[in-house]
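Dock chain E against chain A, hints included.
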Amino acid sequence: MRTLRFLLRKEFLQILRDPALVRMLFMIPIVQLMILSNAATFEVKRSRMHVVDHDHSARSAAVIQRLVASGRFVATEASNSVQRGDDALMRRNVEMILVIPHGFESDLVRTRAAQVQVLLNAEDGAAAGVTQSYVREVLARYAAEQSVALAAVASARPEAPPGRGVPRVELRTRGWYNPELDYRHYMVPGILVQLLTIVGTLLTAMNVVREKEAGTLEQLNVTPIPRATFIAAKLIPLWVIAMVVLTIGLIVGRLVFTVPMLGPLWLVFAGAALYLLAALGIGLWISAVTETQQQAMFVNFAMLMVYLLMSGLFTPIASMPPWAQWVARANPMMHFIALMRGVMLRGAGPVDVLPQLGVLAVSAALVLSIAIWRYQKRAS
Amino acid sequence: MTLAIEVRDLTRRFGDFTAVDAISVEVRAGEVFGFLGANGAGKTTAIRMLIGLLAPTSGSARVAGFDVLTQSEDVRRNIGYMSQRFSLYDDLTVSENITLYGGIYGLDDATISARMDAMLQTLDLASARRSMVRSLPLGWKQKLAFSVAMLHRPRVVFLDEPTGGVDPITRRQFWEMIYAAAAEGTTVFATTHYMDEAEYCDRLSIMVDGRIAAMGTPGELKAAYNAPSLDEVFVRLARPAA
Chain A
1 MRTLRFLLRK EFLQILRDPA LVRMLFMIPI VQLMILSNAA TFEVKRSRMH VVDHDHSARS
61 AAVIQRLVAS GRFVATEASN SVQRGDDALM RRNVEMILVI PHGFESDLVR TRAAQVQVLL
121 NAEDGAAAGV TQSYVREVLA RYAAEQSVAL AAVASARPEA PPGRGVPRVE LRTRGWYNPE
181 LDYRHYMVPG ILVQLLTIVG TLLTAMNVVR EKEAGTLEQL NVTPIPRATF IAAKLIPLWV
241 IAMVVLTIGL IVGRLVFTVP MLGPLWLVFA GAALYLLAAL GIGLWISAVT ETQQQAMFVN
301 FAMLMVYLLM SGLFTPIASM PPWAQWVARA NPMMHFIALM RGVMLRGAGP VDVLPQLGVL
361 AVSAALVLSI AIWRYQKRAS
Chain E
1 MTLAIEVRDL TRRFGDFTAV DAISVEVRAG EVFGFLGANG AGKTTAIRML IGLLAPTSGS
61 ARVAGFDVLT QSEDVRRNIG YMSQRFSLYD DLTVSENITL YGGIYGLDDA TISARMDAML
121 QTLDLASARR SMVRSLPLGW KQKLAFSVAM LHRPRVVFLD EPTGGVDPIT RRQFWEMIYA
181 AAAEGTTVFA TTHYMDEAEY CDRLSIMVDG RIAAMGTPGE LKAAYNAPSL DEVFVRLARP
241 AA
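Protein sequences, first through last, are from chains A and E. Quick note on numbering: this note's numbering labels position 321 of the first sequence as 321, and the sequence is numbered without any gaps. Quick note on numbering: this note's numbering labels position 22 of the second sequence as 22, and the sequence is numbered without any gaps.
Isolated chain E, as found in the complex:
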């Protein structure tokens, strides 16, 4: 069994505030891992450390077999990332965005054009190839952003609230894309606020105040907390006083 993500006692403090408090997580290769938590629980801070945007205060992490601290460029070559904010270039066309990221990851021209054709076919965006990205509806933008994050076939892909603000049908389609990626061997590490989406995950963790309060398969978690739904588990953990 190989581990795609291996986090040990990862901690990040901002002054007196501990945003991420010694978390430890292991994600197996090919897994779809749900990284849950209330707003402000520290999910985004944790992800930012894993993808090399933020230095940890202490602890260690390996992603795709590389140490986040000492081999950050190797990590970057092997991961994809889709942030909560849409971050493709609004003032470039769909195909220009795809070409740009293909070029950045060192794909050759033939590969870029083959993958672009396949991607636009799958997304049903072939007719929008020359449209400015800013003119696309939000759902399409999100699917495009995910496909671009997958363009270089990363070993691990990090999705930070990928389905925020999109309609249920698009969300369903989005998760189909996530499953397709996992089926091809990509490890998916995703945060979400939707508990129905959490049910789709192989395993998940729930973060509360910078710590991981619970971890397991959706079934295990429901059994452990004797709750009918993940929603219930989440509310009990995130609001212990209630």
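If we strip away everything but chain A, and leave its shape as in the complex, we get:
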């Protein structure tokens, strides 16, 4: 215990004497949250649209007007040739082409059904999907209004066959736990997790490998320091720092993005405490298998990519193939993100996130055991 005290003092002194590191630790959470939570969104705003209106009717104009009024589309170009639209799409001047065929209005009035064509640039599949759903939504609402309007016209004319009341099923969606579907509320907890992972894993790996490069690790390995003491001395300061970073991140999330904290705050910290042990342990393991800071950095980023893609931060786990879902389930990051989102946005309590806490505790124990076992004073 006494030895640990001396080692901890040394670690804290070294970290605090690195002003660039300290500055970065405070700036990174603020900058990352600001940039990522605004940039990492699936929302598509202001799609530029090329309009080809062959109908030139009041109703075709109304459709265009509705799309523009939704605020999600801007009619930047118009022509009477789909070919021109295609060219604009190719040159990326627009993201979509709206084609209203000749006879749109008469079809709508006569048969109560009409078609419009939407051509999308689907290079970015996710964005195209979102844009398509926006168009569908606007058109569905317009169609519903038209149906009522036409029915009214029909019943006002007694000689005409009575308007068959078309039974309409209306789907009203309400997003619970994030009623405004604010992507930032959804992204901030995930980005905080990603941040803790970088701070925890990268700093640990770099810290130990730097001692390897300097030869000071060898000097420590010649002393009778117990392995667990050495590891505790390396992990405790970085664990504390990561918790500070989390606190800063939560404050920024609250003040700048008004991300709610519906569940108990301590639960977020409890989850972070466990998750960090796993993240730090992985950093320690990386430092055991690499010799230089460059190697450590490389391994770190390679692992981080897999981590992130398999975490549900950017893509839902449910849409992955079964094997990938199994990989994701073994990823402590996924469970911590689920815990964070659950507690912050849904107001989950300790009982609700018990499975996540369990997985995090098991991964922490597992990773730390491997890291301690891998750290050997004597090379074989």
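Please note that the accuracy of each hint is not assured.
Computed, partial: chain A to chain E, Cβ under 10 Å [what the hints assert, rightly or not]:
1) 222
2) 223
3) 225
4) 289
Below, simulated BS3-like cross-link-like pairs (lysine-lysine); rule was C-alpha separation at most 30 Å, straight line [what the hints assert, rightly or not]:
5) A:212 <-> E:141
6) A:212 <-> A:45
7) E:141 <-> A:377
These are computed hints drawn from the structure, not numbers from a lab. Ideal Cβ positions, reconstructed from N, Cα and C, are used throughout, including at glycine.
Okay, now just chain E, sitting in the frame of chain A:
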């Protein structure tokens, strides 16, 4: 007569390459033993096995009475080590480095502060107590590193090229420190490339291609090879073709 270091058929292979080939050495307690050899002869590999940084392929070794393989923690408690690379913390002050190593070896606060005062007095470093180690000149760094390796009064101290790159005056002072340590009963096991330093040793061995080619007092070696100086002995052994 007690033996501080007892090495029997110690071997280390890296793949097909045999870095240390069945060496046997005995060093008496309180001796200053010179462990000589050309670059790449296997000196550092041998030392790394003795201080528990590298597992031997075969053979055995006892240091300070403990088996290197099975009692490595006991060995670590009783040895000091100064590597070829300066390995104190550059970003800690002189006194912080001393306190750290005092704490690691389990010395109490009073002992640490008493030994620190005495050490800084001897090294004439009292005024640099609060200086960052990185700001010290190389010669002082080396002397400080040696003193820190001796802080817990080890029974055996291993010095791997302790005087590399320092001026002749500092080297002389360094050897005075080594003698002072030996006079207090510490066994010194040192590698060097300087033959004048080898002359200071009680006994020495010369390693060539992983084997110990010769061992004895400086006088014995010169007599055996009928050479006027250790330099001559070394060159003849290390370059048999010449």
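Of all the hints given earlier, name the ones this structure violates by number, lowest first.
-> 4 and 6
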